[in-house]
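Kindly produce the complete structure, drawing on both the sequences and the hints.
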Amino acid sequence: MPIISTQDLTKRYGGLTAVDHITFKVEPGQVFGFLGPNGSGKTTTIGMLLGIINRTDGEISLFDETGAHGLHAARQRIGATLESPNFYPDLSGYDNLSVTARIKRVDASRIGTALDAVGLTPRKTDLFRKYSLGMKQRLALAAAMLGDPELIILDEPANGLDPEGMHEIREIILGFAAAGKTVFLSSHLLHEVERTCTHVAIIKQGRLLAQGSVIALAGGNASASLQAPDLGALEREVRSYENTVAVSIEDGFVVANLRDTDLASLNRFLTQRNIFVSHLSLHRQSLEDIFMELTQDDATGAAA
Amino acid sequence: MRIANLLGIELFKTIRRRAFWVTLGGFAFLLVVQFGMIWYMHKRQAQRIGFGAIAPPSPGLDLPNAWSPIMGATATLGGFFIAVCVILLVAAEFPWRTTRQSVIDGLSKEQYFGAKLLLCGVLIVTFAVVGLVAGGTFAFLDTAGTPANGWITALDWQMLGGTMLALTGYTALALFFAFALRSSGSALGVTLLYLVVLEPLIATAVHRVDALQNAPRYFPTRVFSELSARGQYDAASRGGLSIMQMARGMQPQEFFDTRLLVALGIGYALLFVAATYGLFRSRDL
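Each protein sequence line maps, in turn, to chains A and B. Be aware that the first sequence starts at 1, since it is given in my numbering, and climbs by one per residue. Be aware that the second sequence starts at 305, since it is given in my numbering, and climbs by one per residue.
If you are wondering where the hints come from, they were derived from the structure by calculation, not from laboratory data. Heads up, the beta-carbon is just placed ideally off N, CA and C, and yes, glycines get one too. Hints may be right or wrong, so weigh each one.
[Stated by the list, open to error] In silico contact screen, one side only, chain B against chain A (beta carbon under 10 Å); selected entries:
#  : residue
1  : I313
2  : R348
3  : E397
4  : W400
5  : T402
6  : Q405
7  : I408
8  : L411
9  : S412
10 : Q415
11 : R587
[Said to hold, decoys possible] List time: in silico DSSO-like cross-link candidates among lysine-lysine, alpha-carbon distance up to 27 Å:
#  : chain 1 : residue 1 : chain 2 : residue 2
12 : A       : K181      : A       : K130
13 : B       : K413      : A       : K136
14 : A       : K104      : A       : K130
15 : A       : K104      : B       : K347
16 : A       : K181      : A       : K124
17 : A       : K181      : A       : K136
In structure tokens:
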């Protein structure tokens, strides 16, 4: 049973289609990254999932629940924060979490645990408006984890943070994942998503361009660099390897685009043909490479 | 979610909001000044009379007659302050995005709206009690002995109902502008504009059309302000007022049928609440 499932989810504002027939699934235990440039429709999609933006078309299923009442019940199992942290500026961090706890019908004793988890206990009596951005983000995470939700949805959790703040947030998110929670996070920070997520969906201008596991997306576009005394023979043999997609010679290396990342199998294949390589390395595409490739392809396609 | 939980959430937030204490305090202060002055003047006058000074007798604040000005002030002054209070408490939640966060955290839109209605109910009772206590204290001090016809009469209870309904009407109007405009500043500005400029302007324009000459009487704020007027409930006072107005060469004031007035007050309050809910339900957060 997927935790989140959408079918042709669409949101139109007058003539503008902000989200265009998006279909995706998030399975239990995944850390799912929702990637896209600013204004691509990430927040609108999350808003529809959370019931604060009315969808124009399409279906949403949360914990296998559909329909207004089912979705409302399912949303009780979610902890989420959307865009900037949303709290009462003249209430302390503790009082703000008290409001959240009352809404979630969580015992007040859990507030201390949540504040401890994000390192805000020493500043819990300070007013929210006096918090730094990093502290506000951490308070939002504490609020999201109150009530021990099964699914945590975070919208741009590292937005505006310095490297130290990003590191702290990443550790907290990985802590959620380690505790077996399903995490759905949107971001335009590709390297952050790559370091945190197991699965991603890439969205641009409201349309879903790709989705899958980070390994599958990156591994599906791996390349190997090889070197041997006889480059010509090496190139011929690599070309005949069954998982080779394309081969070229660049700067004294044979560069092969492969369907998989099993270099041991490639090396065995070459050895059996008396080719003994002096260099063999794998270059897996980063999420950024994939993202740029997909979004550029999309732009080219759109222009064509 | 149970009503008690929703009310608990709203009260927890409200008693920590400065806007609530400032508006309630401002309302109480003005009432204390107003009725304190009347009480003080009456007291001084009594002392001067004691020393043989010649002065017209002041009615002062003797109970139960004093309930009439007290409730009138509670409805009009309270109506203004409760409208400001509702706008500051409710509209500010939109730019802070705590409305959307409340829904994200698990309240349905209906529950969120219901919680705001409960808050409005608490504010209406609070402002009414503060008004009655602030005015009533001076009236109690100004009343010599136990009044022959009791501290409070059946007529006063009727006026109290009207006062509560008037406060409800102003609250519903403020709630509508708070939800419609989603910003404290804009909502305050538009509400004041409506009360001070727009409705009187429309009333003047409509009044010039022969067939609609009586229509301005039925406008929301006219209805709300009439709800706490003694003449609406007391035939004797109505008659006295008419005689006084005619003696001064004025057109005697027209009064509503009480049941019609109450029905209009309830109708307007429900209309504003329904429009607010419809708007809230249909718009994204």
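Legend entry - Hints violated by the structure (numbers, ascending): The structure conflicts with hints 2, 12 and 15, although it agrees with all the remaining ones.
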